[in-house]
Amino acid sequence: PYFEIDPLKIDIKEVASVVSTAYARRLQVIPVKVEKTKIVVATAEPYALSWIREFQDVTNKQVEVVVASHTAIKYFIEEFFTVRSATQEFKRENPREAGSRGDFSAVIELDRMLKGTKGDITKDASAVVRIVDWLFQFACTERATDIHIEPKHGKGQVRFRIDGKMRVVYSFEPELMIPVVSRIKILAEMQVDERRKPQDGRIRYRLADGREMEMRLSTIPVQYGEKIVTRIFDPKMVGKSFEDLGFADEDIDRWESLINLPHGLVLVTGPTGSGKSTTLHTSLRLVAKEDVNICTVEDPVEIMNDDLNQMQVNYKLDITFGNAIRAFLRQDPDIIMVGEIRDTDAGKMAIQAALTGHLVLSTLHTNDAVSSITRLIDLGIPPHLITASLRGMMAQRLVRRLCEFCREKVPTSPAAWAEVVGPHPVAMPSHVYAPKGCRECKHTGYLGRLCVYEMVLMDRELKDSIRSSVTLEELMDITKGKYVPLRVCGAHKIIEGVTSLDEVLRVIF
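In this text, residue positions in the sequence shown follow our numbering: the first is 3, and each later residue adds one.
To be clear, the hints were calculated from the coordinates, so they are not data collected in a lab. One or more of the hints may lead you astray.
[Unchecked claim] Simulated restraints, written as ranges between beta carbons of each label pair:
id: 1; residue 1: T73; residue 2: D309; range: 47 to 55 Å
id: 2; residue 1: R508; residue 2: H155; range: 24 to 32 Å
id: 3; residue 1: P273; residue 2: Y77; range: 35 to 43 Å
id: 4; residue 1: S22; residue 2: E66; range: 17 to 25 Å
[To be verified] When the alpha-carbon atoms are kept at most 30 Å apart in a straight line, the in silico DSSO-like pairs for lysine-lysine are as follows:
id: 5; residue 1: K157; residue 2: K199
id: 6; residue 1: K318; residue 2: K350
id: 7; residue 1: K35; residue 2: K11
id: 8; residue 1: K35; residue 2: K167
id: 9; residue 1: K15; residue 2: K167
id: 10; residue 1: K35; residue 2: K438
id: 11; residue 1: K350; residue 2: K167
id: 12; residue 1: K318; residue 2: K291
id: 13; residue 1: K167; residue 2: K411
Since this is a predicted model, take the numbers as computed values, not measurements. Glycine is no exception: its CB is placed at the ideal position from the N, C-alpha and C atoms.
Hey, can you work out the whole structure from these sequences and the hints?
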């Protein structure tokens, strides 16, 4: 049978230990599954099987043959055996470390050894360098947004977050944990020998295909050592249009009318990881022109853009969001983007900037759009200043996009539909689409993500209510019918067939 080699469903460490790299290259075969009594082996030549007897003698297991493309086999032989050969090389060169859980000694020596390897990575480079290089390439190939390298009892574990879901992709010997983390910290210009406190760093990494990826790193000490998380920012995401992000045409027009205002405050709200930064940077890309001066303050600067003047928060130097806005006001800005309004000072300065002829874009951590009003009040912003400056707010979430190559039509569950739409009168369709899984989506049923959102524009009635210090529930009643709520937007995406009932329920509720 034809076999699709999916590295996320294969125990790479296990299959790479079955035979040597040279053996796999010579025969152009690759183990893809190891069971107690047999091994599943992929080949591109199903009629040339003279190697099976030798393979069974070497492994002492029965062989089940599956057929895969020659291109895939050649590619994954190099991918799967890279880490294995690098690990073996590391053990040969560092016999004192082999078999141990990795003492913190010799890290400074490792630092010196790897200092000269920040450029292009070649096959002759250090074993640890090759492992990290493979890891970054693999993550970007699989569309991961985050890499988690975690020390566990007796092993190091690697997990990727793909389309919002975490997946274990690899585990390696514990003695490699410190060298791998140290190599990444060197690239990010972090303190290699400091493992007692959290650190942050950044890498700009060039892939084999020439693309440059921005990577933001964070380390923390945990029970078995040091964990490192790498967030990957693909510049192509910022180059996407609002249509690509899942916005309807009429909502694009409404949003663009907000971000083209000469002054005022515009907010994007939602939890961490809901795509707020992508929405803001996509917005800035649309308004960035030669005759517009745009200043941003972020913590940290996630996506580099030469059209912007980007400042990073640094509390040690007293560069807070509020102080950055104060500095911007002396820089003749047209537009100011504030990464997040976290405290009263940042809130008051954002309002002041909006009231003095500048357009201010920022984010808040609230669950819905209307709650951003009460959040500003909680921060100590007087209601009359909110009504004078706030122009509109949008709450958003990211849901996984159904794979268009394999999605399947299924009858709609009345109970699930009622849970999605709640009290809103949205007609239930007879059928919706559900995930199935194919080689295009790595058998997950989903391929990419899109926005589900709600957008509220300020009007006279809402401003009068804010001045009257009404409650959040009263604000909800006042705005009812004036915007499309998150759950209704999710229902529309389900009807369009771009996401599933289960996905909307998972993300929004």
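Verification of the supplied hints:
no., hint, verdict
1, T73 / D309: 47 to 55 Å, "39 Å, violated"
2, R508 / H155: 24 to 32 Å, "30 Å, holds"
3, P273 / Y77: 35 to 43 Å, "37 Å, holds"
4, S22 / E66: 17 to 25 Å, "21 Å, holds"
5, K157 / K199, "22 Å, holds"
6, K318 / K350, "22 Å, holds"
7, K35 / K11, "9 Å, holds"
8, K35 / K167, "24 Å, holds"
9, K15 / K167, "22 Å, holds"
10, K35 / K438, "22 Å, holds"
11, K350 / K167, "37 Å, violated"
12, K318 / K291, "33 Å, violated"
13, K167 / K411, "23 Å, holds"
Of the numbered hints listed earlier, those contradicted by the structure are 1, 11 and 12.
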